[in-house]
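Protein chains: 2
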Amino acid sequence: MYEVELKVRAEHDRVRPRLESIGAEPAGTVSQVDTYYDHPVREFGETDEALRVRRETDDEDGEGERAKVTYKGPLVDDGSKTREELETGVGDGDTMAGVLESVGFEPAATVEKRRERFRHGEYTVTLDTVEGLGEFVEVETEAEAIDPAREGAIEVLERLGLDPADGIRTSYLGLLLDGT
Amino acid sequence: MYEVELKVRAEHDRVRPRLESIGAEPAGTVSQVDTYYDHPVREFGETDEALRVRRETDDEDGEGERAKVTYKGPLVDDGSKTREELETGVGDGDTMAGVLESVGFEPAATVEKRRERFRHGEYTVTLDTVEGLGEFVEVETEAEAIDPAREGAIEVLERLGLDPADGIRTSYLGLLLDGT
Chain A
317 MYEVELKVRA EHDRVRPRLE SIGAEPAGTV SQVDTYYDHP VREFGETDEA
367 LRVRRETDDE DGEGERAKVT YKGPLVDDGS KTREELETGV GDGDTMAGVL
417 ESVGFEPAAT VEKRRERFRH GEYTVTLDTV EGLGEFVEVE TEAEAIDPAR
467 EGAIEVLERL GLDPADGIRT SYLGLLLDGT
Chain B
317 MYEVELKVRA EHDRVRPRLE SIGAEPAGTV SQVDTYYDHP VREFGETDEA
367 LRVRRETDDE DGEGERAKVT YKGPLVDDGS KTREELETGV GDGDTMAGVL
417 ESVGFEPAAT VEKRRERFRH GEYTVTLDTV EGLGEFVEVE TEAEAIDPAR
467 EGAIEVLERL GLDPADGIRT SYLGLLLDGT
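From first to last, the protein sequence lines are chains A and B.
With the working numbering as the guide, the letters of the first sequence map in order to residues 317 to 496.
With the working numbering as the guide, the letters of the second sequence map in order to residues 317 to 496.
For the record, the hints were derived by calculation from the structure and aren't laboratory data.
Mixed in with the good hints there might be a few duds.
When the alpha-carbon atoms are kept at most 20 Å apart in a straight line, the in silico DMTMM-like pairs for lysine to aspartate or glutamate are as follows [as the list claims (entries may be wrong)]:
#1 A:Lys-323 with A:Asp-494
#2 A:Lys-384 with B:Glu-403
#3 B:Lys-384 with A:Glu-381
#4 B:Lys-388 with A:Asp-410
#5 A:Lys-388 with B:Asp-408
#6 B:Lys-388 with A:Glu-381
#7 B:Lys-384 with A:Glu-403
Work out the full structure, taking the sequences as your base and the hints as a guide.
This is the structure:
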C-alpha cells in the first residue's frame, strides 16, 4: 500500500462550501503538537532522519491526549520517496519527551496544527491550520497503485476549486525551518 | 511514599509451603524481558543512568504483551537511594526498541525473569526466577515511613523461613554484569 498525498495552500472559508456541495462528510477535528528533536551527536538534518513526539487531542472533548513517538529514517529510494518509519503509541507524551531529553535529545522545532477532516469516497480531505504557516488543504488516500490514486486526488482538488499545480511537497516542519 | 524492598536468594520449593501456611494469596504470574541500552556517546555505567525497554506478559494467557520505556537517572541523594525515574507505557515494545536502536542506542544487557506474586497484608511477596541467576524472593511494600515498613518486611521474610541478613542490594542487572 502507498500513501498518496497532495497538499496546497488554500483559504478554508472558500473550500468549506465546496466540500459541502460535493457531499464530503465531516470526520472529526484534532489538534496535534509535534516536537522534533536534535540528536546529541548526529546531525539529523544531514543524515535525513527525524525523531518526533506527537501529542494529539480531539477538539470535541479536548480530553484524552494520545501520544506517539516516531522515527523517520533517510530516503531509501529517491524515486519513490520511501523511507523507514517506526512509530508506536506512548502512554504519556510528556514522560516520553522527558526520557528523550534526559538522554541528550533537545527539542529543535515544534509544529502545531488543527486538522479538520472530511471523507469523500476513498479520499480524506484535511483542512490544516498550521501555527506560523497558515491554512492548507491536504487530499490523501491509500492505494495499491500510485498513478490512479494520484489522478483521483487531483480530481478531488479540482472539484474543491483548487489548483493541483500549486502542490507543495515540503513538510510543515520543512516550511517552518525554511521560514517561508 | 517510599518503596521498601528486601531481596534474598531462596529456593522457591521451600518457600511455597510457608507462603500457604501464613495465608499469602496468589496474585498472578508474569514474565518480564528487560533490555538495557548503551548510549551512543555517554557511558551509562559512569553516569549512573539506565535506559530500559520492558516487555511483560501474563503467564496465564501469554497474550497481550505490555511494554514500557524507562529512564533511570543517577542517585540524587546517596543516603535515601533516591533517583529520578521516568516511565511510560508504549504500544509496541519492538517498535520502541527499533526507534532507540535507529538513533544509536545498542542493546547492552537483557534480564529475563518469571515473577510469581503473592499478597500478604500490606506486603507483596514475589518469587523471582531470573535467567542466568536462579531463584530469589522479594518482599516489598509502599509506605510513608521507611523504618516500620522495613521492620514489617523483615518479619515477613522471617515467617517465610528466610534470613534478612542475606539481603541483596544489587539489582538483577548488576548481578548479571558482575557475573555472580
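A quick look at each hint next to the structure:
1. A:Lys-323 with A:Asp-494: holds (17 Å)
2. A:Lys-384 with B:Glu-403: Holds, at roughly 14 Å.
3. B:Lys-384 with A:Glu-381: Distance of about 18 Å is within 20 Å: holds.
4. B:Lys-388 with A:Asp-410: Distance of about 16 Å is within 20 Å: holds.
5. A:Lys-388 with B:Asp-408: Holds: Lys-388 (chain A) and Asp-408 (chain B) sit about 17 Å apart, inside 20 Å.
6. B:Lys-388 with A:Glu-381: This hinted pair is violated, its Cα atoms lying about 25 Å apart.
7. B:Lys-384 with A:Glu-403: Holds, at roughly 14 Å.
The structure does not agree with numbered hint 6 stated previously, though it agrees with all others.
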